[in-house]
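**Q** Letter by letter, the chains look like this.
Protein chains: 4
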Amino acid sequence: MYPPSIQKLIDLFSKFPTVGPRTASRFVFYLLKLPKEEVKEFLKSILELRKSVKTCEFCFNPFQPSQISEKLCQICSNPSRDKTLLCLVEKESDLISLEKTKKYKGLYFILGGTISALKKADIEKIRIKELEERIKNYPEIQEIILATNPTTEGEATSLYLERFLKKNLPVGRQITHLGRGLPVGGELEYADEETLSSALEGRK
Amino acid sequence: MYPPSIQKLIDLFSKFPTVGPRTASRFVFYLLKLPKEEVKEFLKSILELRKSVKTCEFCFNPFQPSQISEKLCQICSNPSRDKTLLCLVEKESDLISLEKTKKYKGLYFILGGTISALKKADIEKIRIKELEERIKNYPEIQEIILATNPTTEGEATSLYLERFLKKNLPVGRQITHLGRGLPVGGELEYADEETLSSALEGRK
Amino acid sequence: MYPPSIQKLIDLFSKFPTVGPRTASRFVFYLLKLPKEEVKEFLKSILELRKSVKTCEFCFNPFQPSQISEKLCQICSNPSRDKTLLCLVEKESDLISLEKTKKYKGLYFILGGTISALKKADIEKIRIKELEERIKNYPEIQEIILATNPTTEGEATSLYLERFLKKNLPVGRQITHLGRGLPVGGELEYADEETLSSALEGRK
Amino acid sequence: MYPPSIQKLIDLFSKFPTVGPRTASRFVFYLLKLPKEEVKEFLKSILELRKSVKTCEFCFNPFQPSQISEKLCQICSNPSRDKTLLCLVEKESDLISLEKTKKYKGLYFILGGTISALKKADIEKIRIKELEERIKNYPEIQEIILATNPTTEGEATSLYLERFLKKNLPVGRQITHLGRGLPVGGELEYADEETLSSALEGRK
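Residue numbers (the numbering used here), protein chains in the order written: chain F, 113 to 316; chain U, 113 to 316; chain W, 113 to 316; chain G, 113 to 316.
If you are wondering where the hints come from, they were derived from the structure by calculation, not from laboratory data. As the structure is a prediction and not an experimental result, all values here were calculated from the model. Errors might be hidden in some of the hints.
Identical copies go unnamed one by one, so any copy, or any two together, can satisfy a pair.
Said to hold, decoys possible - Straight-line distance between alpha carbons at most 30 Å, and here's what the computed DSS-like set of lysine-lysine pairs gives:
id	residue 1	residue 2
1	Lys145	Lys214
2	Lys120	Lys215
3	Lys127	Lys212
4	Lys241	Lys217
5	Lys316	Lys217
6	Lys156	Lys212
7	Lys120	Lys214
8	Lys195	Lys145
9	Lys316	Lys241
Build the full structure now, drawing on both the sequences and the hints.
**A** If you want it as structure tokens, here you go:
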């Protein structure tokens, strides 16, 4: 139905997360109508992104190398962050969400995914070897916070990590989990029993 | 449009919580088609409800008087419940939700609503005098759990109650709140900052 | 969890259309708190509904017998309605929806349901015998409008009725269907192909 | 929070239709992880789109010039399309939706928008001069189909166009509108009165 070069770009946009063919076609019509200068700016920004953004060698967070550090992101290279705390998150946007709270002053480690089964192939999808290496080389870590999502996959990953850490962490280190309970705006009447139980147990 | 006796009942059903005129008319057509015996059973059940259900004199939970107690509900008259714990909830269904977790063994007190402003008229909407009286007459209470919903009204009510209890509770009594955090199935990426802050602070 | 007479009424309300156990329990708490007089009025209204509302002997619409007619509803007993038009609808609320347009001046016939398969048991669920009888006894009917819903079941019923009417209607009578097309507020971009085809074919 | 080159691209993606900052950031992380070759292909496709796609000189549909025509799209240059029919649509995707039905064999004209008020500035947002020119130069047009959306803006545009065409069209030409009615899957009970009235009037 569409000319080939429109269809081609619809197909590529359809691979973007959350995008279906209808939205993809709206993106293409948007690009078709965009002033020449803005298309240039868009293309340049993608090239710039790919050229300038690197992955932090400690936490795997994407960052732009600066005078402060060529290898570590802004968080990992910040001397005022608390090096005794390590927070394990599934993905980049989870790190951003936690940073926005301004309540956490420790370091992060991006797992790069979740595991749904304890098969070898599945476990290799997350950065378990890199995590093992961090534990060995950074004995100053006193607490590891398992901040995976409270979804089925996140829980399975958390369980696996807890077992792994108990074996590999030096004596005296703590493993903690994010508190469970009712979110802001939530209602007791619509909460599941597990959430309510956690809210009761975690009362203070 | 509808015959008067249909319209009359549509109007009455429209006052039920969550029911609009369209749903109300479906209820009326349902009642019109119901076998005679089932209509009788329905009417009898409403009469029975009004006749047999009383309000617990301690917690205001609706209950059916029994041989065990004429004045107290099953929870309040249960000798194995922990009388040192009192959980304040907004309404009946919140009590039911907490009971379903089977994690709470103390007593309840149903406030009967929330307050949105600190005006006298507003405060009188909840059972504050009865609460004051419970505190005086039941010195065995050691901890009061503020289990209002984490909504705007619930929070305002909780704040008001906290100030009220600090003034009125004997020295050494504890005031606690349900734990805040991510609910089961929630995701860090979509959580608000306050919820995430609570989850971080409440880690364990 | 609930006292028996509360649970009993929750169970009965849960059988109402669109009502689940949670809404049913809200209905019961609503009835528990309702002033005595209003509960009386509610019960009286249900009794009145069952006593005063009859089913129209022609169209099966519920109505309240009046001086004008003991057996026919307001529409069927209205001498100014066009007796040459008969509109077949699935249920009472569809009749009401069409009446609200004030564009239709003919008579109705409520089928009492839809058929999903051409099995005998299925066909007996709608008033096919009564429809046959109407056609025989009312030769003044010139046009029959098939106003079933454009859903899968409605379409199947419409197809069955069309075949049935072609066999049973006297020569020269018309069978029509409600026009298809985009509804008010609809958009071409989100319309299915069948709807758009109908809109194109039905242009005027 | 994000490095500048990530933030820059989030800002640009946030201008895409239907995209907010959260989705935009997911797009950027997607692009960061995409294999180098696929990023290249994506950029090349955008350049190719801008270079190869032109706007049809008759209907304003985007198309790729071919041996058949340098100036007209596949539809306008197709000798078997019916030149006596002209269908006015708001935007490119509406044309695609109508083409998918395979029921329309005439030509199109993309208005490029809708008008919400009859101000000069508003009217200039749609291709009214180009439409006037088409009418003058193509006397073979016998019917103009107003296929704007049945939304408030679409209706206002349709009304304006109808008045404009009545003044400017040669005698004997027809102005039609897409049929209104219930869409596939719709239900009488939930349809608005205008839609039902149209469905009744358009019965056949």
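**Q** Of the numbered hints stated previously, which ones are contradicted by the structure, given in increasing order?
**A** none
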